[in-house]
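Letter by letter, the chains look like this.
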Amino acid sequence: MKMTHKRRDMLVGLSFIAIWIVGFAALTLYPLIKTFIFSFQDVDITVEGIVTTNIKFENYRALFKFDLNFMDLIRMFVEEIFIYVPIIIVFAMMIAVILNQKIRFKGVFRSIFFLPVIIVSGPVVAELFSQGATTLPLIEQYGILDIVTNTFPESISEPLEKMFSEIIFILWMSGVQILIFLAGLQKIDSSIYEAAAIDGASPWEMFWKITLPSLGNLISINILYSVVTLSSFATNDVLRKIRIDMFSPDEGYGYASAEAVIYLIVILLILGLFGVIYLILRKRSVRMS
Amino acid sequence: MITTWHKIKHKLIGRTITEGILYKVFIYLLLTSIGYIFLFPLLFMLSNSLKDIDDLLSPMVIWIPSKIYLTNFQLAFQTLDYFRTFFVGLSVTLLPAVLQTFIASLIGYGFAKFKFPFKNVLLGLVLLTYIIPPQITMISKYVLFTDLGLTNSAWSIIIPASFGQGLNSALFIFIFYQFFRMLPKTLDDAARIDGANRYYIFFKIAIPLSVPAYVTSLLFAFVWYFNETYIAAIFLGGQVPTLQLNLVSFAQSYTALAAANQHFFSINEGVKNASTILAILPMLIMYFVLQKSFVEGIDKTGFAGGE
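Here the protein sequences line up with chains A and B, keeping their order. With numbering that gives the first Met the number 0 applied, the first sequence covers 0 to 288. With numbering that gives the first Met the number 0 applied, the second sequence covers 0 to 306.
It should be emphasised that the hints constitute simulated quantities derived from the structure, not laboratory data. Certain hints may be false.
Here are some chain B residues pointing at chain A (derived, C-beta under 7 Å) [to be verified]: (1) Leu105; (2) Tyr108; (3) Pro132; (4) Thr228; (5) Val247; (6) Gln251; (7) Ser252.
All residues carry an ideal CB built from backbone N, CA and C; glycine is no exception.
Let the sequences and hints guide you as you build the complete structure.
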């Protein structure tokens with residue numbers, strides 16, 4: 000009797016997620032495998048449908064050997080992630096810590112910082128980029144960009160320049176992260192801070208010893224959210240190239256699939272690297288306290 | 000003398016730094032300037048959208064146009080085919096958002112309230128669907144959907160959403176998973192003792208208790224579908240218009256209209272900015288009305304408490 004009850008419960012549970020299992024198999028797993036297969040094929044679109052020819056590693060060989068543009072875009076994407084994500088995380092945490100204090104017009108500020116989440120879209124950002132509205136007039140007026148280009152070698156100045164010219168876009172990407180940190184901060188028991196204050200801890204010490212450690216999990220969530228958002232955002236140059244190649248008669252689906260596979264591997268490596276960094280820092284902070 | 004100095008110092012710096020006036024002034028200055036930075040692109044667009052060609056070219060006019068010029072908006076409105084585009088576009092923005100929210104709640108409930116084999120593996124796969132950008136599987140999905148005759152129609156957006164594989168679906172599944180786990184188990188037990196089955200409990204107890212999670216999820220899903228153009232451009236093939244997609248092709252549509260209509264002047268920043276503002280206007284209005292559900296939703300739904 001008990002067994003059947005448990006079993007029935009399990010089946011009911013599966014019925015709730017059945018739609019996801021079907022969807023995952025048909026709309027994620029199958030296309031993922033198919034993309035992988037396409038990447039080893041030459042895909043032609045004919046009147047009778049799609050004709051594929053196996054060409055082994057030809058797409059990849061062409062990508063690595065001749066398509067310098069793609070590898071360059073990948074390199075720029077990686078640089079972008081490792082510059083933008085730390086900026087987003089630090090900035091979001093700073094704003095959240097400030098907004099978590101007793102501050103007047105807290106609601107107004109919070110609404111302003113969250114506003115971009117509502118309106119940020121590929122075409123809007125592209126339009127702002129094209130009009131130079133994502134950089135601060137101050138940065139241009141004081142010739143900060145010139146200073147950067149003149150003092151650093153190109154490999155450093157190029158991403159820095161991009162960062163300065165897109166600084167508002169970067170900050171715009173931190174709205175959700177601010178709120179996630181804020182929600183986490185509100186859950187910290189205020190008596191811990193009171194106790195620390197009585198022991199003579201400065202606000203600076205309290206941040207490092209209390210605030211930061213208790214935000215640990217949320218930092219990893221925010222890193223994940225930021226990486227995923229940036230890597231699927233419509234103005235992303237790698238994605239733009241994949242789309243162009245997909246519909247180009249010379250490259251086509253097979254070639255674009257190979258690009259997609261490489262891009263996915265790069266994203267997974269980036270997330271893996273962030274994961275390793277996170278674990279190392281966490282271990283160290285545990286040892287310290 | 001010394002005591003007044005101490006008093007002033009105490010006022011300025013405070014017992015701890017964070018209590019002093021100096022710190023407060025610094026914080027408000029900081030928040031205000033960052034607020035300005037955040038709003039800068041919007042103010043920039045608004046200002047330019049109200050300028051006529053003379054104001055746009057005049058080096059004297061920076062922020063405040065010499066007169067309010069609304070023709071930009073009128074022409075942009077016409078070019079975007081505004082109301083029709085907005086309402087037709089709902090079939091690929093609001094509709095998938097509603098379906099996705101409901102399906103995600105169903106899936107989230109299944110994960111939160113039941114035990115079944117490989118549950119953690121499946122949850123891991125949900126996370127994987129979040130990490131993989133939709134653009135990776137897009138090519139073969141496009142081939143599949145073309146075979147099924149789903150491309151160039153709203154179905155290509157609606158179907159993935161209804162199977163929990165839509166835009167950021169995984170995120171919503173996790174939100175509901177988290178939210179339903181926080182609901183007290185005693186409620187379920189009480190209802191089950193009364194003989195209610197699990198579906199009844201879901202519809203009559205879990206859903207009514209989770210209205211905030213539904214509202215937040217629906218709003219976010221709507222915003223994200225509204226602003227998504229990459230997948231939509233490919234899968235809809237221009238057959239279902241949305242405001243954001245029309246924004247991408249704004250320059251072409253405008254030039255085409257200008258060739259046929261006398262009152263269209265040649266395209267400039269003013270009319271482009273007006274079109275951008277019009278495209279984001281529905282979201283801005285929604286945000287001003289429902290602000291609380293957005294910003295407080297993240298806290299209430301346990302968005303921030305996930306793994």
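Hint check against the structure, violated hint numbers in rising order: As far as the earlier hints go, 6 and 7 are violated by this structure, in ascending order.
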